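> As given, the protein sequences belong to chains A and B, one line each in that order. First residue of the first sequence? That's 1 in my numbering, and the numbers climb one at a time after it. First residue of the second sequence? That's 1 in my numbering, and the numbers climb one at a time after it.
If you are wondering where the hints come from, they were derived from the structure by calculation, not from laboratory data. Remember, predicted model here, so these are calculated numbers, not experimental data. Here a beta-carbon is modelled for each residue, glycine too, at the ideal position from N, C-alpha and C. It cannot be assumed that every hint is accurate.
What the hints assert, rightly or not - Partial selection, computed: residues in chain A whose CB lies under 10 Å from chain B: (1) P17; (2) L19; (3) E21; (4) L42.
Chain residues, written in single-letter form:
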Amino acid sequence: MSKYLLNKFLYTVDRDPALVERYREQPRELVTWWEAERANELLNCVTGEASTWLRFTGEERDALIGHDHCKLFELGAHPFLTLTLFIAMFERDNTEPLEYQKAYGARMAHFALPYPDIAT
Amino acid sequence: MASIVAVIASTHHPFYYRASTSTGADRPPFADEWVRKITAFRETLTRANPDVLVMVGSDHFHQLWLDNMPQFLVGKAPFYDANWHNEEREFGLPRMLLKGQEDLSAHILRAGLDAGFDLAFSNELRIDHSVTCPIITLRPEADLPIVPIYTNIFAPPLPRPARFVKLGEAIRTIIQEWPSHLRVAVIGTGHLSLELGGPRQFGPHGPDPEFDRRAVEWIATGDLDNCLREVTLDSLHAPGNATHGFMDFMLMMGVAGAGAKADYVDTLDLFHTMEAYFTWYPNGVPA
């Protein structure tokens, strides 16, 4: 389990409008590239220092590639990060206010308390 | 010594700015009532005539991140840029620039450390909607210097509710001991019941109206005993998965003081989450 890395993906993609578009249109390409090039980047370092050990599990990688926000919730990704990024990608397709947000919640109706642990 | 002329606790609803400024078909049906309530709430700060605002909020994974996460952080900078790209994108919030009250920041940091709170600090802090929403609602001129104080209500492990209350009590004492003639208002924002990214989000009301009713009663009456008895890190999952933001309300109850009844209380039942507004005047209601 690498909840931290899931969160790092959601956090860093959300902050970059170009990456948000790539993730919406080409999720497999974006997730593969991100894991290879960005997963081990230390966020406040601009030189060569990087981590060496961060990688997704197969289940995590598949959930990201599949835009599967229910699976990400189950895996303990931070719900605020997931929601924020997915609204950025898909709210634009709304035909009425809050349509995507409500459908997002409805797809999660099978979850009951206690929710998956989000502690990293 | 400085005086605390108002203590204000509020929800921070990022949709207010867009709702209140939209017109025609874009203006939601609840906007006019919301603006009326905010305008009345704003008057409770205006009449206290503050010089400085201490702003308690919580960064929503903007500048503070899991590789280096403080529990409590005080901004100490001459200026604070405000609002982030994803807040413009999702909520239409404007970019802002606020002045800082650096000498009060320094005083809070020194006195807080000496009082047993290992406060982190930031000399370059871009603040987010947990601070700018109450600026927009309560002081839209954005003309007063601020001291931002961030709490971690977002990334577990979190401090327990009693720690938020203790920090609020300490902040009150520390400000009152600040060697200054300035008039300080302490403003903090949090949440009542709230669900984000889960099955109970964006309902017709907040996810737990009964929790909201009891929470408003605790805050309005300063009932820290019952609040602390019933609210734990575990219990806050039940009303909604983002309800740990209620601990910022508990911090503000600590600033106001145990048993202190709020001088102004108002609520607004909205979709997704309930709005709630409280003002205390520690030195009596201004004339």
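> Each hint: holds or not?
Against the structure, the hints:
no. : hint : result
1   : P17  : holds, 7 Å
2   : L19  : violated, 12 Å
3   : E21  : violated, 12 Å
4   : L42  : holds, 7 Å
Violation of the numbered hints given earlier is confined to hints 2, 3; the remaining hints are satisfied by the structure.
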